[in-house]
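Trainee: Sequences are here, hints too, so could you generate the full structure?
Chains A and B, in that order, are what the protein sequence lines are. Per our numbering, residue 1 is the first one in the first sequence, and the count goes up by one each step. Per our numbering, residue 156 is the first one in the second sequence, and the count goes up by one each step.
Misleading hints may appear alongside valid ones.
What the hints assert, rightly or not - If the Cβ cut is set under 8 Å, some of the chain A residues that face chain B in the computed set are: (1) A19; (2) T39; (3) G42; (4) M43; (5) E89; (6) K107; (7) A111; (8) L114; (9) L115; (10) G116; (11) A122; (12) R123; (13) R130.
Think of the hints as simulated: they come from the structure by calculation, not from any bench. The C-beta atom is built at its ideal place from N, Cα and C for all residues, glycine as well.
Here is what each chain is made of, one letter per residue.
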Amino acid sequence: MRLLNLERRLLEATLAGFAPEGAATGLSPLPGEIDWGATFHGMADASNGQARLGMRAAIWLAGLAPVWLERRPRTLLSLSAEERVALLERLLSHRSFAVRELTLLLKLQAAFALLGSATARARSGYDRDRPAPVEHPDSRQRLTLVDSSARGGRS
Amino acid sequence: MRRETLDEADFVIVGTGAGGATAARVLAAAGHSLVMLEEGARLRTSERPRDAAGALAQAMRDGGTQVAFGSAPMPLLQGRCVGGSTAINSGIIWRMPEDVVEDWTTRFGLGALVAPELTEPIYDRIEQELEITPTGEDVLGGNGHAMARGAQALGLPGQPMRRNAGRCRGSGECLQGCPGERRQSMDVSYVPRALADGARLHTHARVERVLIERGRAVGVRGVRLDPSTGRPRARFEVRARRGVILSAGVIHTPLILLRSRVAGPVGRHFQCHPGSALLGRFDEPIRMSFGATQGYEVPMRERGYKLESLSLPPEMLAARIPGTGAEWQERIASLDHYAQWAAQSRFEAQGRVRLGFGGAPWVRYEPSARDIEQLKEGLVWLARMMFEAGAREVYPGIHHVPEVLRGPDEVRLLEQAQISRADLHLMASHLFGTARAGADPVRSVVGPTLEAHSTRALYVMDASVFPTNLGVNPQHSIMAVVWRAAAQLAAQDSGRVARAG
Chain A
1 MRLLNLERRL
11 LEATLAGFAP
21 EGAATGLSPL
31 PGEIDWGATF
41 HGMADASNGQ
51 ARLGMRAAIW
61 LAGLAPVWLE
71 RRPRTLLSLS
81 AEERVALLER
91 LLSHRSFAVR
101 ELTLLLKLQA
111 AFALLGSATA
121 RARSGYDRDR
131 PAPVEHPDSR
141 QRLTLVDSSA
151 RGGRS
Chain B
156 MRRETLDEAD
166 FVIVGTGAGG
176 ATAARVLAAA
186 GHSLVMLEEG
196 ARLRTSERPR
206 DAAGALAQAM
216 RDGGTQVAFG
226 SAPMPLLQGR
236 CVGGSTAINS
246 GIIWRMPEDV
256 VEDWTTRFGL
266 GALVAPELTE
276 PIYDRIEQEL
286 EITPTGEDVL
296 GGNGHAMARG
306 AQALGLPGQP
316 MRRNAGRCRG
326 SGECLQGCPG
336 ERRQSMDVSY
346 VPRALADGAR
356 LHTHARVERV
366 LIERGRAVGV
376 RGVRLDPSTG
386 RPRARFEVRA
396 RRGVILSAGV
406 IHTPLILLRS
416 RVAGPVGRHF
426 QCHPGSALLG
436 RFDEPIRMSF
446 GATQGYEVPM
456 RERGYKLESL
466 SLPPEMLAAR
476 IPGTGAEWQE
486 RIASLDHYAQ
496 WAAQSRFEAQ
506 GRVRLGFGGA
516 PWVRYEPSAR
526 DIEQLKEGLV
536 WLARMMFEAG
546 AREVYPGIHH
556 VPEVLRGPDE
566 VRLLEQAQIS
576 RADLHLMASH
586 LFGTARAGAD
596 PVRSVVGPTL
606 EAHSTRALYV
616 MDASVFPTNL
626 GVNPQHSIMA
636 VVWRAAAQLA
646 AQDSGRVARA
656 G
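Mentor: Okay, structure coming up:
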């Protein structure tokens with residue numbers, strides 16, 4: 001799906017808005033570490049027409065949220081990092097299901113872009129102390145059932 | 156677009172998931188020539204992406220964005236590759252529950268298809284061939300072990316799941332394709348077995364309609380897709396001398412039937428098992444990165460739901476964690492401290508699948524208020540189990556409920572909440588019933604042999620024929636029902652007793 005230049009800028013600003021650079025604590029992207037737009041195009045190419053329409057609508061919904069949500073004549077591009085975070089938080093808890101879901105779709109793309117980076121993933125702790133897989137066929141045993149009368153998988 | 160006759164065989168099978176691959180395994184072993192057609196690709200395990208976005212894009216229909224419409228859209232997850240949904244699921248195995256067998260026998264006249272004396276030997280055989288065992292304690296992982304603790308503390312009937320992954324090593328990558336091919340999904344079990352027995356497989360072949368001549372199915376017509384772009388490249392036909400078997404799944408099988416003008420309640424009675432999940436944050440590491448993707452379950456079928464552990468890749472896990480900015484960033488800096496468990500519910504609602512704009516599917520589905528209340532009860536149990544297992548915080552992810560519950564006393568906020576459909580994030584991967592089977596030609600599309608009432612030599616062999624949902628994971632029931640029907644077909648066609656394999 002081809003985006004207009006403005007759409008691309010709104011998309012990248014929105015996705016980066018979920019996890020701004022330079023946060024004092026937590027998982028903060030390093031400058032230039034995340035390609036925020038790349039995941040969007042991969043997802044859009046695999047999606048059906050309805051989903052692509054929704055993805056495009058989500059960009060405009062968030063990008064113009066200062067106008068329709070706060071009645072301020074500006075786009076998300078002109079907001080500070082703190083204002084973007086606050087705006088996205090409001091959209092995620094909005095009373096309209098459609099607004100919440102479209103914003104969540106953007107958050108999903110932000111998470112895919114952020115954790116899709118090997119270096120950011122390493123800092124997330126997800127793979128921390130991941131045990132090496134072992135194979136002990138003889139050790140396979142059932143855990144004790146609390147309720148022995150419970151129906152098992154063969155009912 | 157150019158047109159070609161792609162192939163010809165005794166049987167043509169459309170789709171290679173649990174239904175199509177099992178039919179192929181039985182008919183090929185019985186000596187029939189057959190052609191399998193698959194819209195997606197044959198994915199080599201070593202070539203499957205390990206990242207969530209790549210995995211969704213490559214192996215799932217519409218990259219995981221297919222939805223049912225209603226008061227709020229609900230994602231419907233289906234595989235689109237050789238192996239179908241078995242190539243992306245967790246391989247959970249349940250035999251068809253006794254009350255379902257009884258219901259189908261008395262209300263739909265399907266005793267000849269599902270009677271226990273007929274199906275028990277089939278279940279036994281499949282379980283032996285697909286290495287089905289309970290999940291070992293050594294690969295239950297932190298997510299499964301925590302759920303076991305929570306269930307045991309509350310006296311709930313928990314147990315390790317039985318799965319078709321007897322040699323599982325706990326890589327936690329069922330969605331991306333088991334790295335060691337230990338999960339016996341159809342792409343690494345029955346499809347290769349059918350090929351070894353002489354079947355032929357054409358991928359990137361999307362079937363659009365059945366060719367019917369003088370009331371008899373004689374082949375299929377469709378388009379070949381460009382493997383790199385997915386765009387139509389050429390039209391094709393495959394001729395079938397003895398029969399056409401549709402196993403394209405609960406959404407696309409009825410679309411093929413509708414385009415082919417097959418009579419009956421095609422597309423009606425769509426059912427599913429919608430589910431929703433809770434996250435818990437623990438002080439000690441859970442390490443979702445190790446262990447079976449799904450290893451532990453609490454079956455509460457008499458209450459209408461089943462609780463399951465469900466690990467996620469880091470990208471999907473992070474997206475489910477509440478917050479934005481610094482708050483979210485702090486939470487996702489310790490992704491090894493989260494557990495996720497889901498409630499899958501047997502909803503009473505029925506929907507419909509139709510041909511939409513441009514031939515695309517249009518699915519309409521609206522859960523009832525009772526469905527939502529039933530699912531909420533399951534979610535309340537999950538929250539209680541989370542705290543009993545030691546969670547410091549629970550994230551329900553439900554509108555009108557606090558986004559963070561900080562102790563067992565706060566579970567009542569979830570319990571007392573008036574929740575509507577639009578407050579929940581629902582998702583469904585078990586789909587049923589758009590070409591239901593039954594003895595009555597007015598109320599069903601296919602009969603007890605799974606042959607269409609209105610069209611000779613046209614068979615439907617997937618979960619479309621299930622007249623009701625099950626309340627348990629359906630893969631095993633699909634395989635057994637299809638095995639039974641395919642064995643009957645093999646015997647009938649060759650004039651000898653069915654002894655496939």
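Trainee: Go through the numbered hints given earlier and state which of them the structure violates, listing their numbers in rising order.
Mentor: 11
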